[in-house]
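2 protein chains.
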Amino acid sequence: MTSRQMILGMQFSGGYGAAPGAWRLPGANLNSYTDMDQFVRYAQAAERGKIQLLFIADTPVLDVDLDHHAPHHMIDPLLILTVLARETERIGLVTTASTTFTEPYNLARQFKALDVISNGRAGWNAVTTSDPAAAANFGATIPPRAEKYERAHEVIQIVQGLWGSWEKDAWLLDVDGKRFADMDKIQPVNLQGKHAASRGPLPIPPSEQGQPVIFQAGGGSYGLELAGRYASGVYANPYTIEDARAQRKALRDAVKRAGRDPDEVKMLAGFMPTIAPSRQAALERRRFLDEVVDLNQRVRYLGAMIGLPLGPAQLDEPLTADQLADAIPSPHDPRSARALEVAREGWTLRDVLAHGVIDYHPVVAGTAADVADHMQQWFEAGACDGFSIAIDSYHDGFDAFVDQVVPILQERGLFHDDYEGPTLRENLGAHEQYGLDPRLTRPARS
Amino acid sequence: MTSRQMILGMQFSGGYGAAPGAWRLPGANLNSYTDMDQFVRYAQAAERGKIQLLFIADTPVLDVDLDHHAPHHMIDPLLILTVLARETERIGLVTTASTTFTEPYNLARQFKALDVISNGRAGWNAVTTSDPAAAANFGATIPPRAEKYERAHEVIQIVQGLWGSWEKDAWLLDVDGKRFADMDKIQPVNLQGKHAASRGPLPIPPSEQGQPVIFQAGGGSYGLELAGRYASGVYANPYTIEDARAQRKALRDAVKRAGRDPDEVKMLAGFMPTIAPSRQAALERRRFLDEVVDLNQRVRYLGAMIGLPLGPAQLDEPLTADQLADAIPSPHDPRSARALEVAREGWTLRDVLAHGVIDYHPVVAGTAADVADHMQQWFEAGACDGFSIAIDSYHDGFDAFVDQVVPILQERGLFHDDYEGPTLRENLGAHEQYGLDPRLTRPARS
Ligand SMILES: Cc1cc2nc3c(=O)[nH]c(=O)nc-3n(C[C@H](O)[C@H](O)[C@H](O)COP(=O)(O)O)c2cc1C
Ligand SMILES: Cc1cc2nc3c(=O)[nH]c(=O)nc-3n(C[C@H](O)[C@H](O)[C@H](O)COP(=O)(O)O)c2cc1C
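Just so you know, the protein sequences line up as chains Z and B, in that order. For the first sequence, the UniProt record's numbering assigns the number 1 to the initial residue and increments by one for each residue that follows. For the second sequence, the UniProt record's numbering assigns the number 1 to the initial residue and increments by one for each residue that follows.
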């Protein structure tokens with residue numbers, strides 16, 4: 001079931017790292033949020049490690065309390081990827097844009113322009129947006145899910161239709177014949193949906209990979225149908241191998257239902273490693289990174305996960321024997337079993353939390369070999385086609401992952417030694433596509 | 001009335017140059033449309049010449065027949081300016097975006113991000129868009145003018161409100177105090193208009209110039225009111241000095257009516273020079289650049305301008321004495337008088353056209369000194385505060401203007417010898433502004 005080698009993407013959001021306290025790490029550049037030179041350095045490190053892609057998650061809203069935390073999102077993902085396009089050569093450049101709050105013509109134009117500027121390395125993570133505060137930034141509310149996804153299908157199809165509206169051989173550049181292009185091959189698409197429409201054409205020639213690659217994030221029946229029809233890459237957040245295998249099976253089934261080959265679509269599982277010379281050092285690093293976090297709230301949350309009324313007073317104590325006897329992992333949270341497992345090892349509650357048991361991705365805090373072992377185990381169990389790495393701090397974490405973990409994975413034959421080619425499509429193993437996918441029913445035309 | 005020295009901007013659209021046949025010029029890079037390296041080279045040339053700004057005009061539509069002509073617009077202006085931001089240091093980076101077909105939150109975010117990435121050199125030419133084919137790319141029609149401009153006011157105010165929503169001293173970066181920022185100073189704006197709204201805040205710190213500078217293009221009472229209230233720079237297309245003086249007076253009056261100082265706002269007059277070692281060589285260059293143009297149509301157009309039934313048969317003949325006696329310049333077209341003046345010099349009709357008498361900007365086809373003379377004459381007559389240079393071909397035209405015309409203007413004291421400072425605001429002589437302009441009535445809040 002698994003592909004032979006894993007696909008790796010580095011998450012790259014906010015500016016400092018996946019850990020809330022990354023901005024405070026000694027030696028880190030405090031101004032990273034607005035410092036393009038830093039981002040270039042990180043991207044170049046990832047490229048040195050032959051990482052297939054960078055991914056900037058995005059929601060058009062300030063969704064974090066900046067009093068203590070750095071922003072979750074970049075100042076603008078498309079502009080930052082444009083900067084990186086010029087200062088890297090092989091790594092894929094993927095970001096999120098909302099199908100609900102961006103006009104398809106603008107989406108089509110900016111992503112295809114990025115694809116041209118990067119010589120065929122752009123990817124669009126098409127999401128519908130679910131945060132009402134994001135909607136309010138557009139003077140709107142979040143539409144009902146069915147309507148939101150109906151629009152998403154229309155928008156993706158319009159965008160892909162526009163991408164194909166400058167036919168591959170339309171550009172003539174015939175100086176003697178005075179023919180710049182063949183206008184018969186640059187024609188309106190006239191796509192008219194219920195929620196969105198565009199006439200076209202979009203006057204942008206094909207990139208080296210034709211057009212950007214589509215990604216999708218998050219499951220649910222609506223999300224799966226979207227992924228099944230359009231995506232080449234899918235971001236998922238499974239907490240356990242079983243969870244991941246079930247998500248991957250559901251995804252592959254959705255791809256088959258859309259009449260496509262499941263091997264065309266790669267599921268990347270979110271993963272948050274902290275890499276240090278020892279497990280103790282890794283925990284210490286995470287404890288520092290957690291200093292900006294409200295641990296009182298977290299310890300209560302941990303208690304709810306394992307069925308115990310825990311409070312801040314116990315932060316620097318382990319669970320008592322009585323507590324361990326009473327604990328019951330919540331059946332509703334797939335992280336609970338691991339949380340209890342770590343608690344049983346006798347760590348203080350602060351350290352249990354430092355293991356990342358309640359984080360939004362599986363965490364390994366340990367050595368490079370620990371990190372590689374975890375990835376190997378998941379990959380070989382068919383849990384995913386690769387990982388979306390949320391490194392705790394970009395400042396030294398990109399280098400640590402690339403210089404310490406990647407060589408282990410390569411040595412074990414789990415990760416490629418070099419890029420397969422110059423485009424994201426090649427490095428991801430995605431199918432060729434220009435314009436709409438002819439295997440899908442064509443959308444309505446006006 | 002005139003500022004002491006002129007402001008110069010280079011127009012930078014489409015990829016090849018202002019002349020329709022620029023893409024065919026021997027030695028020019030045929031792939032310029034998609035070649036960022038070229039654009040960087042041109043921008044760096046302009047910066048060598050201390051040009052205050054680059055301007056990418058834009059309409060989100062393919063509005064040219066690509067069979068013979070290159071596109072009028074760039075693949076994406078904001079992404080291209082982002083590339084240039086990284087590879088230049090002082091030159092201002094201005095582009096158009098539509099107040100009608102882009103959401104204000106997206107506009108605010110991308111322009112302020114460009115402003116941060118360029119260290120305070122971004123400008124937004126806020127236009128309402130009038131091409132129905134552009135509207136069709138958004139599944140829409142062009143709203144009635146009053147409504148379109150009502151929305152434009154709202155959108156500009158929302159954008160500026162969002163720009164100011166991260167207060168200047170909100171960013172703390174206090175490692176020991178664990179304070180990333182002061183959230184009391186990063187607050188929603190809750191701007192609610194009739195046509196557009198946004199909650200905010202926009203989580204982007206100030207750039208070196210605070211926020212982007214606003215430009216406006218095109219007159220009319222609606223356009224003037226927009227310029228009067230918000231703009232620091234205005235693009236105008238006068239054909240004659242009288243025309244220009246009248247436009248400049250109308251602009252300055254509109255600025256005063258809005259309670260602002262007219263010297264805050266610079267009117268840049270469009271101007272199309274062709275620079276060559278002699279007038280004959282310049283005409284020859286323009287004849288080559290015109291080879292892709294439908295001269296039969298142009299010669300009829302010329303006839304209409306000077307009240308004569310002209311046809312293609314006469315292309316290589318001058319006007320006869322009888323024709324010259326009968327000719328009457330059209331009172332409706334300010335270019336007509338000059339067209340007849342050139343025809344009286346005895347040029348063939350092909351050469352009359354090569355003088356640019358029916359182009360959309362005043363043309364000088366001649367030596368660098370001819371070009372500088374024209375600019376001096378206009379500037380000293382109070383016709384404008386500077387020029388928006390539409391050079392015929394970027395390939396060699398940026399260098400020609402910078403290396404030949406700029407030194408003459410500098411020698412005559414008409415143009416600065418170096419940038420006044422690192423930001424566009426400083427180099428344009430624009431007023432300081434962060435957030436909404438407190439001199440204007442504040443917009444409604446929800
Ligand atoms: C791994 C992962 C990454 C995601 N990235 C984004 C993102 O960048 N931006 C966003 O708005 N939503 C993101 N989402 C959210 C989903 O796209 C989706 O909105 C969410 O699952 C809620 O689904 P709904 O839209 O059906 O309510 C992500 C979800 C997952 C699991
Ligand atoms: C010098 C100049 C530059 C302009 N640049 C643009 C541009 O880049 N994009 C655009 O859509 N319109 C541009 N316009 C058009 C005006 O913004 C305006 O739309 C036009 O004058 C019609 O006005 P209306 O919107 O009131 O109908 C320009 C006009 C002038 C005079």
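Source of the hints: derived by calculation from the structure; they are not laboratory data. The beta-carbon is built from N, C-alpha and C at its ideal position, and this holds for glycine as well. A couple of the hints might just be wrong.
20 Å max Cα-Cα, derived EDC-like pairs, lysine to aspartate or glutamate [to be verified]:
{"#": "1", "chain 1": "B", "residue 1": "K178", "chain 2": "Z", "residue 2": "D182"}
{"#": "2", "chain 1": "B", "residue 1": "K185", "chain 2": "B", "residue 2": "D174"}
{"#": "3", "chain 1": "Z", "residue 1": "K194", "chain 2": "Z", "residue 2": "D243"}
{"#": "4", "chain 1": "Z", "residue 1": "K168", "chain 2": "Z", "residue 2": "D182"}
{"#": "5", "chain 1": "B", "residue 1": "K178", "chain 2": "Z", "residue 2": "D63"}
{"#": "6", "chain 1": "Z", "residue 1": "K185", "chain 2": "B", "residue 2": "D63"}
{"#": "7", "chain 1": "B", "residue 1": "K185", "chain 2": "Z", "residue 2": "D261"}
{"#": "8", "chain 1": "B", "residue 1": "K185", "chain 2": "Z", "residue 2": "D290"}
Residues from chain B that face chain Z, not an exhaustive set, calculated with beta carbons under 10 Å [as the list claims (entries may be wrong)]:
{"#": "9", "residue": "Q5"}
{"#": "10", "residue": "L162"}
{"#": "11", "residue": "G164"}
{"#": "12", "residue": "I204"}
{"#": "13", "residue": "T240"}
Every beta carbon over 10 Å from chain B, so not counted as near; a handful from chain Z, in silico [stated by the list, open to error]:
{"#": "14", "residue": "V83"}
{"#": "15", "residue": "A113"}
{"#": "16", "residue": "G139"}
{"#": "17", "residue": "P143"}
{"#": "18", "residue": "Q247"}
Each hint tested on the structure:
Our distance criterion of 20 Å between C-alpha atoms is broken by B:K178 and Z:D182, whose separation comes to about 60 Å. A C-alpha spacing of about 15 Å is found between B:K185 and B:D174, which places the hinted pair at or below 20 Å, so the restraint holds. Restraint check: the Cα-Cα separation between Z:K194 and Z:D243 comes to about 36 Å, which exceeds 20 Å; the hinted pair is violated. Of the pairs offered as hints, the one joining Z:K168 and Z:D182 holds, with about 11 Å between alpha carbons and a cut-off of 20 Å not exceeded.
Note on B:K178 and Z:D63: the hinted pairing holds, with a Cα-Cα distance of about 19 Å set against a maximum of 20 Å. As the CA atoms of Z:K185 and B:D63 are separated by approximately 15 Å, the hinted pair is consistent with the 20 Å bound. Using a Cα cut-off of 20 Å, the hinted pair B:K185 and Z:D261 is violated, with the two alpha carbons roughly 51 Å apart. Of the pairs offered as hints, the one joining B:K185 and Z:D290 is violated, with about 24 Å between alpha carbons and a cut-off of 20 Å exceeded.
Annotation: interface hint on B:Q5 violated; nearest CB of chain Z at approximately 32 Å, more than 10 Å. With 10 Å as the threshold, the beta carbon of B:L162 comes within range of chain Z, its nearest partner Cβ sitting at about 8 Å, so the hint holds. With a least beta-carbon distance of about 14 Å to chain Z, the hint placing B:G164 at the interface is violated under the 10 Å criterion. Interface restraint check for B:I204: the shortest CB-CB distance to chain Z comes to about 5 Å, inside 10 Å, so the restraint holds.
For B:T240, the interface hint is violated, since its Cβ never comes within 10 Å of a Cβ in chain Z; the closest pair sits about 33 Å apart. For Z:V83, the shortest C-beta to C-beta distance to chain B comes to about 6 Å, within the 10 Å cut-off, and the non-interface label is violated. The Cβ of Z:A113 sits about 3 Å from the closest Cβ of chain B, inside the 10 Å cut-off, so the non-interface label is violated. Here Z:G139 does not stay apart from chain B, with its beta-carbon only about 3 Å from theirs, under the 10 Å limit.
No beta-carbon of chain B comes within 10 Å of the beta-carbon of Z:P143; the shortest separation is about 15 Å. Residue placement check: Z:Q247 keeps its beta carbon more than 10 Å from all beta carbons of chain B (closest about 31 Å).
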